[in-house]
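A.B. asks: Residues per chain are reported as follows:
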Amino acid sequence: MDAIFIQILNGLDKGAAYALMALGLTLAFGTLGIVNFAHGVLFMLGAFCAVSVHKILTFSLKVRDESITFFEAYKEIPYLEIWWGDTGTAIIDYSVPISIFFTVPIMALIGIAMERGLIRFFYKRTHAEQILVTFGLAIVLQEIVKHFFGANPIPIGAPDIVAGSAPVGAFFGFGDTMVYPWWRLIYFIFSVVVIGGVFSFLQFTTYGMVVRAGMADRDTVGLLGINIQRRFTIVFALAAVVAGLAGAMYTPIVAPDYHMGMQLLVLSFVVVVVGGMGSLPGAVAAGFLLGILESFASMNEVKQIFPGIDQIIIYLVAVAILLIRPRGLMGRKGVMED
Amino acid sequence: MSSKILNNELFLMAAFTVAVLTMPIWLEPFGASYPDLLQKFAIFGIFAIGYNILFGLTGYLSFGHAAFLGVGSYTAVWSFKLLTMNVIPAVIFGTVLAGLFAVIIGFISLRRSGIYFSILTLAFAQMSYNLAYSVLTPITNGETSLQLANNDPRILDAATASGSGLPSTELFGMTLGGYPGFYFCAVMLIIAFYVSLRIFRSPFGLKLAAIKSNQTRMSYTGFNTRPYLLVAFVISGMYAGLAGSLMAVTDPLAGAERMQWTASGEVVLMTILGGVGTLFGPILGAGLIKYFENIFSSYNEQVLHEVFSFLPDLMENVMVFIVNPFVGEGWHLTLGALFMVVVIFLPGGIMEGFNRILTWIKKDRSKSDDDGATIKTRPSEG
Chain A
0 MDAIFIQILN GLDKGAAYAL MALGLTLAFG TLGIVNFAHG VLFMLGAFCA VSVHKILTFS
60 LKVRDESITF FEAYKEIPYL EIWWGDTGTA IIDYSVPISI FFTVPIMALI GIAMERGLIR
120 FFYKRTHAEQ ILVTFGLAIV LQEIVKHFFG ANPIPIGAPD IVAGSAPVGA FFGFGDTMVY
180 PWWRLIYFIF SVVVIGGVFS FLQFTTYGMV VRAGMADRDT VGLLGINIQR RFTIVFALAA
240 VVAGLAGAMY TPIVAPDYHM GMQLLVLSFV VVVVGGMGSL PGAVAAGFLL GILESFASMN
300 EVKQIFPGID QIIIYLVAVA ILLIRPRGLM GRKGVMED
Chain B
0 MSSKILNNEL FLMAAFTVAV LTMPIWLEPF GASYPDLLQK FAIFGIFAIG YNILFGLTGY
60 LSFGHAAFLG VGSYTAVWSF KLLTMNVIPA VIFGTVLAGL FAVIIGFISL RRSGIYFSIL
120 TLAFAQMSYN LAYSVLTPIT NGETSLQLAN NDPRILDAAT ASGSGLPSTE LFGMTLGGYP
180 GFYFCAVMLI IAFYVSLRIF RSPFGLKLAA IKSNQTRMSY TGFNTRPYLL VAFVISGMYA
240 GLAGSLMAVT DPLAGAERMQ WTASGEVVLM TILGGVGTLF GPILGAGLIK YFENIFSSYN
300 EQVLHEVFSF LPDLMENVMV FIVNPFVGEG WHLTLGALFM VVVIFLPGGI MEGFNRILTW
360 IKKDRSKSDD DGATIKTRPS EG
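Keeping their order, the protein sequence lines are chains A and B.
Numbering-wise (numbering that gives the first Met the number 0), the first sequence opens with residue 0 and increments by one.
Numbering-wise (numbering that gives the first Met the number 0), the second sequence opens with residue 0 and increments by one.
Treat the hints with care, as some may be off.
[Unchecked claim] Computed list of lysine-lysine pairs in DSSO-like fashion (alpha-carbon distance at most 30 Å, straight line):
id	chain 1	residue 1	chain 2	residue 2
1	A	145	A	61
2	B	206	A	123
3	A	74	A	54
4	A	123	A	54
5	B	211	A	123
6	A	61	A	74
[Claimed, not checked] According to the in silico footprint, chain B covers these stretches of chain A (three or more CB under 8 Å from chain B):
id	segment
7	130 to 139
8	209 to 221
9	299 to 310
10	315 to 329
Treat the hints as calculated values from the structure; they're not laboratory data.
Don't be surprised by glycine CBs; every beta carbon is placed ideally from N, CA and C.
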């Protein structure tokens with residue numbers, strides 16, 4: 000029982016990342032009809048927003064290190080510490096949560112620029128061409144990031160308070176031995192909040208209602224005198240923000256490098272397909288489901304029976320789903336079933 | 000008149016053969032005339048031609064062809080290790096085994112079309128890649144990649160085994176490194192091109208093209224499209240296997256990174272850049288990409304300073320600053336940007352560009368001749 004519980008927990012943070020990515024992909028696909036191969040790059044850009052914020056906050060002054068006396072040693076003291084002392088140190092410590100406030104507007108701008116600058120010319124082209132052009136864009140953006148930040152992963156820590164592990168066993172009465180990193184727990188809760196936010200935006204606001212109407216029948220909504228195109232652009236920006244937030248918060252879990260998004264992209268496409276093209280709840284459910292499934296597959300007991308299963312389980316599920324139930328778990332009948 | 004000559008198969012093949020075999024001569028002025036690069040031209044040419052048979056003719060966008068390339072490479076290296084250093088069995092085994100893989104993957108993937116097909120092939124390729132890195136390490140040697148070793152059995156070579164050091168690949172006693180290696184690949188390229196030419200101009204090719212233009216209508220005429228698609232998929236998989244085994248021939252080493260999906264992306268880029276569904280386009284695209292990859296990635300800041308040294312100092316620095324991110328390590332940036340430009344403005348690739356220029360010239364001439372005849376532009380095969 001304990002083992003099962005801990006595997007579910009292990010799957011949650013990965014599943015949360017899959018779900019956030021798949022949610023954005025589905026939003027872009029459901030509204031604009033765009034198959035966006037650059038979505039993984041948006042995740043990566045979000046992570047690098049966090050990296051940039053961290054870099055700016057730790058902008059340092061080089062001073063002589065007095066504690067070392069045999070030779071001239073220098074150490075770097077961030078300006079923030081010089082100016083504000085302990086408050087500065089605390090700010091640096093919290094650079095990842097702080098970066099969220101910068102990630103949202105930056106990613107929204109990037110999303111709008113991408114949609115207006117490139118993607119709107121591809122509504123009428125085939126899916127293959129959409130895939131190809133966004134794939135090209137992904138390469139370009141990756142290489143730009145690589146040019147500025149280098150090819151190596153850049154680790155950034157979570158704030159000190161939550162750097163350790165949470166005694167989740169004690170919370171649920173499984174004994175004290177069961178622990179789980181705080182930040183992964185926070186990531187999961189954060190993703191639930193974001194997903195809840197997106198859903199309530201679409202479900203409970205007039206704006207969201209119009210968007211949903213547009214997803215169902217774009218032409219009719221246009222005939223009612225609503226500028227649906229503009230709303231769809233905003234939705235695309237929203238998808239970019241979701242991906243960016245997922246990336247920014249992910250930095251303490253996996254040190255970001257320039258091609259992290261591409262690996263995730265392939266997986267999140269699989270997630271979207273499993274959940275059902277165009278179905279938002281399907282994308283989220285499939286994301287968590289596959290994340291948890293993957294963590295079960297990496298248990299030693301399972302690996303002894305099926306060696307290597309943890310590497311391919313997600314793809315296997317996707318193949319099975321596509322062949323047996325092509326519209327996915329929650330896809331609507333007749334939508335992209337071919 | 001000119002199109003008649005171009006349609007004559009014998010002439011086309013003769014011209015192509017001459018062009019390929021004299022590549023070391025006419026590529027000299029471009030600084031591309033060394034065996035390593037020429038081998039790459041030929042190998043990736045084969046890969047792209049094969050990919051074009053699937054994507055160009057049927058319109059099915061596969062993102063998993065690198066898997067077949069990897070299978071071909073591994074098989075060829077294993078043939079070198081177990082049987083003989085002769086390349087003929089290696090190439091045959093590599094091609095056939097890749098074909099078998101393609102039968103299995105194609106049979107499953109082709110049950111869906113459009114984006115689902117792309118994702119299915121992508122999923123299979125990723126599965127092969129992940130397995131090659133983890134469970135299959137006894138076969139693939141994981142991250143260290145599969146290499147020849149001195150104590151390999153090499154059953155057929157045992158009698159003639161000689162001396163120490165690793166043996167090199169050979170064709171009945173002729174060592175296949177450098178130019179001989181290129182000529183071997185070149186002959187393969189010519190054969191591959193001939194087969195693709197025959198396919199393009201056969202009833203089978205026409206059927207594939209019909210599937211691309213309207214699959215629904217095709218099946219309404221009582222035509223079962225799937226076997227044809229599967230045959231096209233297997234043929235293109237075998238081409239990839241051939242290319243993979245040739246890679247092992249020129250350099251007996253096989254790594255899993257050949258199977259990564261970015262490698263599949265590369266062949267898509269080549270095909271698109273040259274021109275999807277044209278005969279020559281993919282070869283052209285493969286050659287261009289490999290050429291620029293080689294040239295661009297060898298540039299660094301110093302070389303750039305030399306290149307722009309004719310400019311005044313300030314201009315020189317500005318130019319170097321602008322160009323620097325695009326060359327050397329950043330070569331992929333150029334590739335991505337170029338690719339976007341092609342997809343956006345010239346979806347038919349370079350071949351479409353040629354055709355546009357040609358029709359423009361013709362139009363111009365007919366206007367000046369004032370013959371008033373309507374210009375018939377037939378879709379050219381390239």
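A.B. asks: Of all the hints given earlier, name the ones this structure violates by number, lowest first.
C.D. replies: Result: hints 4 and 8 break, sorted rising.
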